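All chains, please: the whole structure from these sequences, using the hints.
Protein chains: 2
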Amino acid sequence: MNSNYFCVIMAGGIGARFWPMSRTNTPKQFIDILGDGSTLIQKTFNRFRRICPAENIFIVTNGIYKDIVKEQLPEISDEQIVMEPARRNTAPCIAYANYKIKEKNPNAVVVVAPSDHLILKEDVFIDVIEKGMGTASNNDCLLTIGIKPSEPNTGYGYIQFNEDICLPENNSIYDVKVFTEKPTIEIAKEFVESGEFLWNAGIFMWSLKSIFSAFEKFLPEVDDLFKQGEGLYNTAGEESFIKQIYQVCKNISIDYGIMEKADNVKVYAADFGWSDLGTWGSLFHLREKDEDNNAIVGKKVLTYNSHNCIVNMPKDKVVVMQGLDDYIVVENDGVLLICKKEDEQMIRQYVADVQVEFGNKFV
Amino acid sequence: MNSNYFCVIMAGGIGARFWPMSRTNTPKQFIDILGDGSTLIQKTFNRFRRICPAENIFIVTNGIYKDIVKEQLPEISDEQIVMEPARRNTAPCIAYANYKIKEKNPNAVVVVAPSDHLILKEDVFIDVIEKGMGTASNNDCLLTIGIKPSEPNTGYGYIQFNEDICLPENNSIYDVKVFTEKPTIEIAKEFVESGEFLWNAGIFMWSLKSIFSAFEKFLPEVDDLFKQGEGLYNTAGEESFIKQIYQVCKNISIDYGIMEKADNVKVYAADFGWSDLGTWGSLFHLREKDEDNNAIVGKKVLTYNSHNCIVNMPKDKVVVMQGLDDYIVVENDGVLLICKKEDEQMIRQYVADVQVEFGNKFV
Chain A
1 MNSNYFCVIM AGGIGARFWP MSRTNTPKQF IDILGDGSTL IQKTFNRFRR ICPAENIFIV
61 TNGIYKDIVK EQLPEISDEQ IVMEPARRNT APCIAYANYK IKEKNPNAVV VVAPSDHLIL
121 KEDVFIDVIE KGMGTASNND CLLTIGIKPS EPNTGYGYIQ FNEDICLPEN NSIYDVKVFT
181 EKPTIEIAKE FVESGEFLWN AGIFMWSLKS IFSAFEKFLP EVDDLFKQGE GLYNTAGEES
241 FIKQIYQVCK NISIDYGIME KADNVKVYAA DFGWSDLGTW GSLFHLREKD EDNNAIVGKK
301 VLTYNSHNCI VNMPKDKVVV MQGLDDYIVV ENDGVLLICK KEDEQMIRQY VADVQVEFGN
361 KFV
Chain B
1 MNSNYFCVIM AGGIGARFWP MSRTNTPKQF IDILGDGSTL IQKTFNRFRR ICPAENIFIV
61 TNGIYKDIVK EQLPEISDEQ IVMEPARRNT APCIAYANYK IKEKNPNAVV VVAPSDHLIL
121 KEDVFIDVIE KGMGTASNND CLLTIGIKPS EPNTGYGYIQ FNEDICLPEN NSIYDVKVFT
181 EKPTIEIAKE FVESGEFLWN AGIFMWSLKS IFSAFEKFLP EVDDLFKQGE GLYNTAGEES
241 FIKQIYQVCK NISIDYGIME KADNVKVYAA DFGWSDLGTW GSLFHLREKD EDNNAIVGKK
301 VLTYNSHNCI VNMPKDKVVV MQGLDDYIVV ENDGVLLICK KEDEQMIRQY VADVQVEFGN
361 KFV
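Protein chains in written order, with this note's numbering: chain A, 1 to 363; chain B, 1 to 363.
Worth flagging that the hints you see were computed from the coordinates, not collected in a lab. Treat the hints loosely; a few may be bogus.
Identical copies go unnamed one by one, so any copy, or any two together, can satisfy a pair.
To be verified - Here are the simulated DSBU-like cross-link-like pairs (lysine-lysine), alpha carbons at most 30 Å apart as the crow flies:
#, residue 1, residue 2
1, K261, K148
2, K299, K341
3, K315, K340
4, K289, K361
5, K361, K300
6, K70, K227
7, K317, K361
8, K341, K317
9, K315, K66
10, K299, K361
11, K182, K43
12, K243, K361
13, K182, K250
14, K317, K300
15, K182, K289
16, K341, K182
17, K299, K315
18, K189, K340
19, K300, K341
Remember, predicted model here, so these are calculated numbers, not experimental data.
As structure tokens, then:
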């Protein structure tokens with residue numbers, strides 16, 4: 001295992017779309033959403049432990065989630081938990097982690113990944129990340145991962161790649177033509193048919209040298225703020241310094257701030273059973289189904305004349321469901337949701353209504 | 001209040017059709033099924049307290065429900081709880097109560113009623129029972145109550161009355177032509193259209209003299225058994241005597257054993273908003289509805305695009321229901337049921353399946 005390899009797991013999200021499983025105090029990344037005994041952040045951590053030494057894995061999150069991170073990842077030390085005092089999107093989060101890693105190892109090669117995505121083919125994933133980290137070690141490039149699309153999904157950003165220009169060492173790593181925002185369904189269909197577009201998985205690999213030089217060039221105002229803290233990172237002075245600069249730091253994504261502008265961006269075209277698990281519907285597609293095509297988590301659920309439902313029930317709860325087709329049925333911690341899968345975009349509204357009617361305790 | 005008036009409330013039923021609200025250890029009569037703060041047996045008891053002295057009201061039930069009866073009706077004494085050692089239908093239950101009452105007051109006039117029915121117009125009910133008790137005091141008759149049918153319900157027995165022969169003192173009390181079992185829908189429609197049929201509410205009034213003479217004539221084998229215990233009723237010897245004779249006592253209803261055969265049966269045609277609350281569907285018709293015609297018990301239930309549902313939720317449970325039309329949604333004590341109203345006859349099957357799969361605790 002290469003001791004220069006570091007990992008930054010971004011775990012600050014609040015994930016309202018998986019309510020009532022995800023809650024403000026227990027967002028999606030901290031939930032065993034597949035019902036297989038480990039939470040998404042535990043799965044993510046365990047994947048990257050196969051690539052980096054455990055002590056080189058940093059978790060960036062909000063202070064309110066520090067205890068749950070320590071509980072779910074007992075192997076990591078306090079100083080591996082990077083606490084953002086405010087939400088400023090991915091670029092400041094990455095800049096912050098970069099400076100902390102630089103103090104430990106200026107020759108670091110870093111993989112940055114979300115904490116709450118699903119990877120079904122772990123071995124393929126490990127192979128891709130290991131090869132990608134090798135490429136990032138040996139090239140001044142910003143490497144992102146693009147997923148071969150299986151459908152014209154309008155929930156993802158897309159990356160157009162140049163299929164004529166791939167690396168000599170790896171013919172799955174291409175030059176990038178353009179990053180695009182989430183498309184309409186018509187455009188998404190064209191993207192998929194063209195064969196030139198990949199889903200943007202939000203997973204990045206780079207050497208510290210390459211990413212620092214990109215920040216200096218494209219986001220100098222962000223870089224300047226964090227540079228002032230050199231010497232304070234990983235010391236008692238870090239917390240108050242960070243609190244101060246987060247107040248004035250701009251809110252910007254790494255995609256918009258750097259990846260869309262840099263000319264040394266490359267994309268690793270891969271297929272490892274990836275989903276960002278953005279909605280109950282996306283989870284339904286990935287979970288195992290019973291003979292009626294219901295995806296059920298729960299030990300005591302009986303279904304009659306019900307099909308294509310996604311069900312998450314506490315393991316001790318007895319449930320009899322009859323005559324439900326294409327529904328989401330989820331109970332967690334005193335809250336029950338029954339709604340049609342096709343109307344799942346309304347869940348944000350339900351959460352807002354529940355907050356107004358019954359208080360913060362239930363959201 | 002007439003101290004000769006006695007009441008026998010039959011509370012031994014197990015009511016599986018209201019599962020999961022009703023459970024083996026808490027059948028329908030012990031549930032606040034309307035969500036208004038009192039259980040059905042409490043409502044029944046409170047109605048009859050307006051007619052009889054409280055100490056003249058007897059509750060016939062199974063020994064396993066003694067504690068719940070005492071808890072829900074703290075005013076009554078242990079000796080007012082008549083415990084049947086086995087289920088033998090209504091005739092033995094009534095014979096038993098008759099002998100206990102005879103020891104206290106041989107001039108008693110008795111009203112017998114189920115514990116788990118709903119009466120919406122209490123004042124009309126009280127008026128009918130008071131007049132009926134007067135008639136039963138002054139006439140050697142077996143008086144039953146017939147409800148003017150509002151629909152061709154196939155869940156009830158019907159009583160055909162002779163509209164030409166009513167009592168001089170009360171022109172709502174008629175001679176009975178025939179008792180009928182639950183009819184088919186076609187026959188039920190004919191019954192309702194004819195205007196000659198009433199629903200059999202299972203509420204009876206008679207003097208002890210009249211009912212004893214009917215038992216002697218039509219069910220002498222039952223009467224002989226209970227007669228052997230004279231002198232033991234309301235003493236320490238009662239329990240073991242009753243245990244013994246229940247082992248050999250036949251299982252027979254008062255309707256089949258006596259009412260269908262006696263020639264001094266009369267029916268009081270009444271309309272006091274009665275339902276036997278036989279199914280969730282019947283309860284739905286009786287409960288208050290919201291603007292979407294949902295009948296909801298629960299303090300924290302939000303509905304979206306849902307209509308004609310009947311919902312019973314624990315008061316602290318937050319529920320979001322979307323896109324459900326004509327469903328039963330009920331949670332109680334660790335069990336959730338979601339099923340179509342039109343398929344509610346399947347609930348017995350669900351209960352049986354849950355018992356097999358998960359054990360007695362949940363049924």
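Structure versus earlier hints, numbers of those that do not hold, lowest first: none
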